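Asks: Residues per chain are reported as follows:
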Amino acid sequence: MILDLKTKVDKLGIEDRVTRITKRSLKSEAKLQGLKMILSMIDLTTLEGMDTNKSVEQLCYKATHLHQEFPDLPNVAAVCVYPNMVKTASNFLKDSKVKVASVATAFPSGNSSLEVKIQETKEAIFNGAEEIDMVISRGKFHSGEYNYVFDEIATIKETCGDKARLKVILETGELGDYDHVRLASEISIKAGADFIKTSTGKIKPAATLPITLVMLEAIKDHYYNTGKMVGMKPAGGISNSKLALQYLIMVKETLGNLWLDKHWFRFGASSLANDVLMQILKQKTGGYQSNNYFSKD
Amino acid sequence: MSKRIKVLKTYKIFIDGKFPRTESGRYMQLKKDNKPIANVCLSSRKDIKNAVLSARNAFESWSSKSAYNRSQILYRIAEMMEGNKNQFIEELILQGLDSNKAILEIDQSIDRIIYFAGWPDKINPIFGSVNPVASSHFNFTILEPMGVVGVIAPEENSLLGLISSIIPVILSGNTCVTIVSEKLPLCAISLAEVISNSDVPNGVVNIITGNKDELAPHLAQHMDVNALGINVDNKELKNQMFFQASNNLKRVVDVSKYNIEDSNFESPYIVKKFMEAKTTWHPIEKDFTSTNNY
Amino acid sequence: MSSKIKSLKYNGKWDFSPSIESIENLSIQKEYQLFINGQFQQPLAKKYFPSINPSNEQQLSRIAKAESEDVDMAVKSARAAFNGQWGDISAKERAKYIYRIARLVQEKSKELAIVETLDGGKPIRESRDIDIPLAAAHFFYYAGWADKLEYAFPNRFPKPLGVVGQIIPWNFPLMMAAWKIAPALATGNTVVLKPAESTSITALLLAEIIKEAELPPGVVNIISGDGSTGNLIVNHPDVNKIAFTGSTQVGKSIMQSISGTNKRSTMELGGKAANIIFEDAPLDQAVEGVINGIYFNQGHVCCAGSRLFIQESVYDVVLRKLKDRMQSLVVGNPLDKNTDIGAVNSKQQLATIQKYIDVGVKEGADIFQLNCELPKSGYWCPPTLFTNVSQSHSIAKEEIFGPVLAVQTFRTTQEVINKANNTPYGLSAGVWTDKGSKAFNLASKLKAGVIWANTYNKFDPTSPFGGYKESGHGREGGLHGLSPYLNLE
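Protein chains in written order, with the working numbering: chain L, 1 to 297; chain E, 298 to 591; chain U, 592 to 1080.
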């Protein structure tokens, strides 16, 4: 398969489009509806060296008990953890609709052998992961070994089988420019990704609106070429509702109704949930909220 | 009712948008009619070092701002100065000027800033060019700012001279480190206050007070300073600076050649002296139906 | 294969709630007077005409109609100011007055934006983010030239012309006033300006600003009126120059009127710009540029990219992307911050646009229109595009001045250059390609005064704007915008 830089992306044009999107104004019903959607799309994430069983359990509790006063609020979509925490999360969440997602393939660097990556993926799935967030080999990508990158993704996808959906993290902050983000998106999509995801969250810049737009455009072209849908997940740096709503508007205006669903769009975030809750409360009561009234897990 | 005690002003230096004291801790006392009027920082080479660092850090974003944006910021400096006129007049009088001359000087200074505020987006239309090269290329020359400029402000003429040394330098996107008049430094600090109120980003203008003979060489020798704009009467010091500047081929502009008090000073040519020309080539395709030039 | 894949749907699941700009603190006067010699005064014949809000057809205000004696008074004041105060003060002080105007426009920008939207129908987002800021920027830019004219023209000592008569259109009312007044004042002239009949209010608010800025009386006179007022200005013997922005048809008649006189002129007239997408263009961004180029401001833009040329190899893809992108355009209440396409400026203009749409269908082109709900009252036209258009169709030749795009295809560079240039107009053009050298080739061959490469509808006070051929003569903006207001002999 010949994979090379075919699709052009104009940086200024992308940024102009994004500027227009950020000028959209969400009020009242539309805002509330948006906030609830965001909540349902969050992958509540903890990926720290010092994660413990207890800290993961606490996160899972939060995932399933977001706010006492508003039982009509949706749950988050998933909890995202390291492979060695999957069993803990899975046990805790076994009676809930919240999915267990696991990073894998030597996250975040991706610098391990293929065998290790396959093994890690298998273990995570065995322990209950329903979604796998893998990283692409950026070193190979920059060396121009696109076929290697493609094959690796396809192999992990095969390993997942029909047991888990595969999200492919491009680590856009390391890719250089928008043309390369587009190329990495196309490679991942063609190799079988169920989702393409911006970042590990471990470096800056993580997700940005323009980069997300580039990826959404790749997804849209793929849809019109093949009829197949691929999901998208911006991760890292989205800590407030206003920004999250802008992402959602961008999805709406680029891909439309079908993607406004947690099956096809996720937010990789941790503190976003609290801010969304605060905004929902403000919409319902009319007053600005304080951090002290929302549990920090 | 006891007499109200005035709160005396502390004169610090201006680096990176903040007002630190000199890290040497030294001071010089200014006197008028043998009475002390202010204690001013006797800065050291470390202050110069810090100022250059700050100016360097500020260069990228200051030069990337649109010319329109820089124009607006310069205009705002003028607005702020107009609002603080009295402070400057007092200081000029304290430093020995009679009140009519003081008012004239501040009015001239403000108007001069407004004059230069109109230049940023007009330099390139006049001095840049599209060059009609013989080959099929789009070839254009633009003037760009140089980087960090070391400025020595004139010894006399503490406000107009100071403005005239700084504004033409920064308008094109340069940042500067300014060593101000040794005997008449008060307006410089007030200017720093105005600048910090005017949306000028930190580090674009840095103002250092102290002993000129001691400080100037550190600026002249600094390898990370791209140019010098000096208004120095002392021939020996001037020659020394030119000599030291050659260690990294700084461009040196002898501003003392210009008559600052004259309105002819207001021209784009002083601005141009602190800019570099960059020429770019890009091919222009020709269809194979058009004639070949070679 | 791709024809079996369902088109994406963009509406119906999560739609915007109204987000209307508040007009609580706004007060529009019941009546606006003429601004002559530094004062607001009633027209001598006491005639007024209504100004309608095109989004709901309601009357906003009554506007004074200047007739022969009012025009004469305005020109006399302008002349007196030119020979007196405005001529006497130094260029430096002149600059300061113009800077004052710029700052006042910035201070009052919200109010001006809202009034612009109410009076003309353009979305608040446009007036707020583009029209008003650009107007202020123009004043700011030209203020800086006032005392620097000796550098603008080598070997010349420029002199002002005297009294300039300026007639502006309704598509960017305040911005056009700024484009005219700023350079005229900077170069030392005095002004008699007539705003467009359907959009006079912001010009008269500008008159208030000019008064607040304490400009000497008579330096700027703003006299509202209709076509007859414009004619009076054009034909007044003591006006030294006419600056006109408007239709080519009126431009031609003005040129006829002033032929044989010593009057100088600049004309900024109509256009039928070609927007060209090559197969190697970044297609999504090109589509965005095309959308921006024809639907922005309801298509009421002289430099609108109203003819789209798509390289055949990417025709299907581009068309699909265009139609998808159109689905996210919001047509509706101009005061709603989410509105992309506001009201058509007037009943007459809507009739003109509708006429062309009918002609397009009749001539055999295929029509596609955004299927959206339109408000019950007001003048509305949804974004429209025609495919299977040929070079000889009226909709490909004549200026429609509405949100109607005519789409054609091409195979080679030479072919599209010929087609793009095959028009009596020559205001602007757009080129979309990833290849720099191709962009410069097109730029060198297209006969238009403004070429946008990989972008569209960008304006800046420093960038000269104006047309070739029947799109007019003279340039506005930049250094080039000075000479039309100066005597350089």
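Derived by calculation from the structure, the hints in this document are not laboratory data.
If you're wondering where the values come from, they're calculated on a predicted model, not measured in any experiment.
Hints may contain errors.
Said to hold, decoys possible - Stretch by stretch, here's where chain L covers chain U in the computed footprint (C-beta under 8 Å, at least three residues):
#1 704 to 717
#2 949 to 959
Unchecked claim - Using 27 Å as the maximum straight-line C-alpha spacing, the simulated DSSO-like pairs for lysine-lysine come out as follows:
#3 Lys382(E) / Lys687(U)
#4 Lys683(U) / Lys242(L)
#5 Lys11(L) / Lys382(E)
#6 Lys967(U) / Lys11(L)
#7 Lys6(L) / Lys595(U)
#8 Lys554(E) / Lys683(U)
#9 Lys382(E) / Lys595(U)
#10 Lys701(U) / Lys11(L)
#11 Lys27(L) / Lys967(U)
#12 Lys242(L) / Lys687(U)
Where a beta carbon is used, it is the ideal one built from N, C-alpha and C, also for glycine.
Asks: It remains to establish, for every hint, whether it holds in the given structure.
Replies: Quick rundown of the hints versus the structure:
1. 704 to 717: With 1 residues close enough to chain L, the hint is violated.
2. 949 to 959: Answer violated; 0 residues pass the 8 Å Cβ test.
3. Lys382(E) / Lys687(U): 17 Å, holds
4. Lys683(U) / Lys242(L): 46 Å, violated
5. Lys11(L) / Lys382(E): Distance of about 46 Å is beyond 27 Å: violated.
6. Lys967(U) / Lys11(L): Not satisfied, since the Cα-Cα distance of roughly 40 Å exceeds 27 Å.
7. Lys6(L) / Lys595(U): Holds - the C-alpha atoms of lysine 595(U) and lysine 6(L) are around 25 Å apart, at most 27 Å.
8. Lys554(E) / Lys683(U): 24 Å, holds
9. Lys382(E) / Lys595(U): 74 Å, violated
10. Lys701(U) / Lys11(L): 31 Å, violated
11. Lys27(L) / Lys967(U): 23 Å, holds
12. Lys242(L) / Lys687(U): Violated: lysine 242(L) and lysine 687(U) sit about 41 Å apart, past 27 Å.
Hint compliance for this structure: hints 1, 2, 4, 5, 6, 9, 10, 12 are broken, all remaining hints hold.
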